[in-house]
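Q: Residue numbers (numbering that gives the first Met the number 0), protein chains in the order written: chain A, 0 to 167; chain B, 0 to 648; chain C, 0 to 99.
Calculated from the structure, these hints are not laboratory results.
Remember, it's a predicted structure, so these values are computed and weren't measured experimentally.
A virtual CB, placed ideally from N, CA and C, is assigned to each residue, including glycine.
It is possible that part of the hints are untrue.
Said to hold, decoys possible - No farther apart than 30 Å at their CA atoms in a straight line, the calculated lysine-lysine pairs in the DSSO-like style are these:
hint: 1; chain 1: B; residue 1: K163; chain 2: B; residue 2: K553
hint: 2; chain 1: C; residue 1: K98; chain 2: A; residue 2: K88
hint: 3; chain 1: B; residue 1: K208; chain 2: B; residue 2: K64
hint: 4; chain 1: B; residue 1: K583; chain 2: B; residue 2: K170
hint: 5; chain 1: B; residue 1: K313; chain 2: B; residue 2: K377
hint: 6; chain 1: C; residue 1: K98; chain 2: A; residue 2: K131
hint: 7; chain 1: B; residue 1: K380; chain 2: B; residue 2: K29
hint: 8; chain 1: B; residue 1: K313; chain 2: B; residue 2: K26
hint: 9; chain 1: A; residue 1: K139; chain 2: C; residue 2: K98
Claimed, not checked - For each label pair, taking beta carbons as the anchor points, the in silico distance ranges come out as:
hint: 10; chain 1: C; residue 1: L97; chain 2: B; residue 2: T607; range: 15 to 25 Å
hint: 11; chain 1: B; residue 1: P637; chain 2: A; residue 2: Q164; range: 46 to 56 Å
hint: 12; chain 1: C; residue 1: L97; chain 2: A; residue 2: N85; range: 11 to 21 Å
hint: 13; chain 1: C; residue 1: N4; chain 2: A; residue 2: S134; range: 25 to 35 Å
hint: 14; chain 1: A; residue 1: I6; chain 2: C; residue 2: I78; range: 35 to 45 Å
As the list claims (entries may be wrong) - Facing chain A, from chain C, some residues (calculated, C-beta under 8 Å):
hint: 15; residue: A11
hint: 16; residue: L19
hint: 17; residue: N39
hint: 18; residue: V41
hint: 19; residue: I65
hint: 20; residue: L76
hint: 21; residue: A83
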Amino acid sequence: MTAPVIIFFVLAGLAVLASVSLILQRHPIHSALSLIVVMVALAGLYLLMGAEFVAAVQIIVYGGAVMVLFVFVIMLLNAGEEERTNFSKLATFGGIPLALALSGMIAAGIARSSSQLATSPAAAEGAISSTKQLSMLLFKDFVYPFELTSFLILIAILGAIVLAQREN
Amino acid sequence: MPILENLWIIPLLPLLGSAINGLFGAKWSKPVVNSIALGSTGVSFLCAVEAVREFLAGGSQPFRKEFFDWIVAGSFRAGFDLQLDQLTVVMLLVVTGVGFLIHIYSTGYMAHEGGYYRFFSYLNLFMFFMLILVLAANYVLLFVGWEGVGLCSYLLIGFYFLRKSAADAGKKAFIVNRIGDFGFMLGMFLLFRTFHSLDFATVFDAASKPEVAVEPMGQFGILTVACLLLFVGAIGKSAQLPLYVWLPDAMEGPTPVSALIHAATMVTAGVYMVARSHVLFTHAPTAMYVVAIVGCATAFFAATIGLVQSDIKKVLAYSTVSQLGYMFLACGVGAFGAGIFHLMTHAFFKALLFLSAGSVIHAMGGEQDMWNMGGLSKKIKVTFVCMLFGTIAIAGFPPFAAFFSKDAILFAAYNYENGGKVLYGVGLLAAVLTSFYMFRLIWLTFFGEKRYDEHHVHVHESPGSMTGPLMILAFLSLTGGWFALPALFGWKDYFAEFLSPVFGAGEAGGGEAAQSLEHILSIVAVVAATAGLLVAWQMYSKNVKRGTSEGVHKLLYNKYYVDELYAAAVVRPLVWLSTNVLWKVVDAGMIDGTVNGVADGAAAVGDTVRHTQSGNTRSYAVWVVVGAIVVLGIVFWPILHPAVFGGVR
Amino acid sequence: MVPTNYYLILSAILFGLGVLAFVFKRNVITIFMAIELMLNAVNLAFVAFSRALGKSDGEVFVLFVIIVAAAEAAVGLGIIILTARNRRSLNVERVDLLKL
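Next comes chain A alone, as it looks inside the complex:
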């Protein structure tokens, strides 16, 4: 049991516990806070894997912008505890089996092809991918999608403004 493995299990356990908490909490604000914990745990895992830029972006954008937005909306709408309605029998009885089937299938797929997932020599040596490498990829090979995403964000902003207007 080397140190990385222990850290992995700690962070993984934290992420799983927080996700379970997201499901079990009744008030949406508690679910939001649980999700923030998940994201931080994942950021830790990214760092463990050596993807520091991604970890930073995860914290800043996801944790710092998206989740804050969620919390703002919850407070704006004055969300209360969940109602205990249950109109869909299908969801009640089919939900757990389906979710188990889904994750089971993925897990089986992973398990079956585990032989092909040996870590590459570069990563095995603990080499980390630098931000420079990342930005070279982003602005050279993937520059077209990158420009498109800026366009996408512009549309999102416009959409959000239009949607959230109060009727005049």
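Got chain A; can you put chains B and C on it based on the hints?
A: Chains B and C in isolation, oriented as in the chain A frame:
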């Protein structure tokens, strides 16, 4: 223009007449319709005469010409081929000649009927099909003519289509004919399979080869079966037992129709077909035996029914059935020439009898029941004399035509080796009955007290358009048999000699012993006819009234209840089958059921699937997950399936 | 060194939990958060593969996912606000105008 090269003109002219009258005749006056109908038939007759003249001038060589290919399938070819040989000459002249006379007669008879142009259109169409039948050089074209005359028979029997009995009679004729046609077709298929062709020339040449053995009596070889099937067709078309039932009902049609179609020409098509196929029949003695027996039985059976009928046309109808039986008897015992001879003389005197009966009916203003007639001999003299000629002819008195032909048939029957004496005896008995019921008809109709009301019925002689053909036919009934007159005195039978290239020389008379036998038999025949005449004179010449009908009389009057028997045994079960099985089970149940079932199935599927559109968002979420599982399954299948079915990798 | 498998299994577990939340929760904002959870699980898988193969392509894709998730969150929350105002409830089962 050589007619022989253009034989197609002969059938084409009536077809054109039929088409023109049918399409445009409704607006034209009677004289115009007449001229087209009579013109086309008359010119066709002249062309036929010319064709015969060319044939004889060319040394009487059998002539055959192929005009165009109709069906070509692999090695099989059925073309529009027409031929002319001695047999065709006889049939051609009879059909066109008698047909033309009847057309003339019809202009007078149908003068006051509605649908005048339609009548002549149908009549011309009939001439076309009959001529195709007679001129055809292969079985397929013959069958076209065969079916066509059946169609025209249906159209003409049901000419007065507003009368239910007429419409029913037309349907009955067509359907019963169809049964015969089915046998005919099976026979044709068998011939095709055996000889790979349906041309007369090919089939008969192949059948006359020495290696084709004559099939022994009692054995059912290929040729026997084929001939029997062809004969089934003839039974239907020529109204023999058991498919004769349509002919008496066919009297619902106008009298010229009865004369032309159901006496002189269409019903003789069966005899012609059997005579044409004589090469096949002579190789199948079993089939010929059956033909002879059926013919003889029908001759006797129909004569018994005709003894007691009261409708003048029905008597003549059963007489026709009976005389056709004689023709088949002749063919069955091998005397094909005698059969054709009788066909020709029968055409003359039967057409004469029917037309005269029509004249009587016309004179009586539509009355057909003989018990409502009487004492007409002085009022309608021409008709009376003509009818008398016809009656004497049919009874078989010399020197009238039928004496020679009937005599030839009975003589040939007597000499037939398989029970010929019995056939002769029955045939002779039928001749007695024939004489009896025909003279009964004469006495009831023309003599005795008048049994009708003078104030309601104004008896008048028919116009010249009707009496003219009567007189011509009467002359032919007298003289038509004189081809064979010399044979009586030991010289040549010209008719048989004329036909000998077709039927072979075996027809000619034998030696001295045969000659004297023939003399004896002919005297016996005359005595028999006289006996019938005397009995009829005894019973009907004085004042008579219609009696009650009981016992044997009732049985005969009701035609042995054959129609009722057929209705119960054949028609009702078929109708039951049609209604309960074919309609309710197959059509409504299976076919409609399938189509409706598809619609119902689609509705059921829709009913089930609509539950996914519940309007509840959470169930939609579940469907999203289900979809994701399906897609993932498809993508992961190559990795997963050894895990599902096999062990761990 | 942590084997790649462990990360992938963790990703699968988190994804499954996200699906459970997606199906079972009734508050529309919570459902949306479950979607974010699923996206995060996928991101984890991407980074794990990127590390396993030694190339940085996976991390670039993670960046794109984060960008798109952010844009989507913005617009989605806008729609949620409108719907909540309209139906006066945040319960997704109250949005049932299509029910018969």
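Q: If a hint holds in the structure, say so; if it does not, say that too.
A: Comparing the hints with the structure gives:
{"no.": "1", "hint": "B:K163 <-> B:K553", "verdict": "holds, 26 Å"}
{"no.": "2", "hint": "C:K98 <-> A:K88", "verdict": "holds, 15 Å"}
{"no.": "3", "hint": "B:K208 <-> B:K64", "verdict": "holds, 24 Å"}
{"no.": "4", "hint": "B:K583 <-> B:K170", "verdict": "holds, 24 Å"}
{"no.": "5", "hint": "B:K313 <-> B:K377", "verdict": "holds, 24 Å"}
{"no.": "6", "hint": "C:K98 <-> A:K131", "verdict": "violated, 54 Å"}
{"no.": "7", "hint": "B:K380 <-> B:K29", "verdict": "holds, 28 Å"}
{"no.": "8", "hint": "B:K313 <-> B:K26", "verdict": "violated, 35 Å"}
{"no.": "9", "hint": "A:K139 <-> C:K98", "verdict": "violated, 51 Å"}
{"no.": "10", "hint": "C:L97 <-> B:T607: 15 to 25 Å", "verdict": "holds, 19 Å"}
{"no.": "11", "hint": "B:P637 <-> A:Q164: 46 to 56 Å", "verdict": "holds, 51 Å"}
{"no.": "12", "hint": "C:L97 <-> A:N85: 11 to 21 Å", "verdict": "holds, 19 Å"}
{"no.": "13", "hint": "C:N4 <-> A:S134: 25 to 35 Å", "verdict": "holds, 30 Å"}
{"no.": "14", "hint": "A:I6 <-> C:I78: 35 to 45 Å", "verdict": "holds, 39 Å"}
{"no.": "15", "hint": "A11", "verdict": "holds, 4 Å"}
{"no.": "16", "hint": "L19", "verdict": "holds, 4 Å"}
{"no.": "17", "hint": "N39", "verdict": "holds, 6 Å"}
{"no.": "18", "hint": "V41", "verdict": "violated, 11 Å"}
{"no.": "19", "hint": "I65", "verdict": "holds, 5 Å"}
{"no.": "20", "hint": "L76", "verdict": "holds, 5 Å"}
{"no.": "21", "hint": "A83", "verdict": "holds, 5 Å"}
Figure legend: structure checked against the earlier numbered hints; hints not met, in rising order: 6, 8, 9 and 18.
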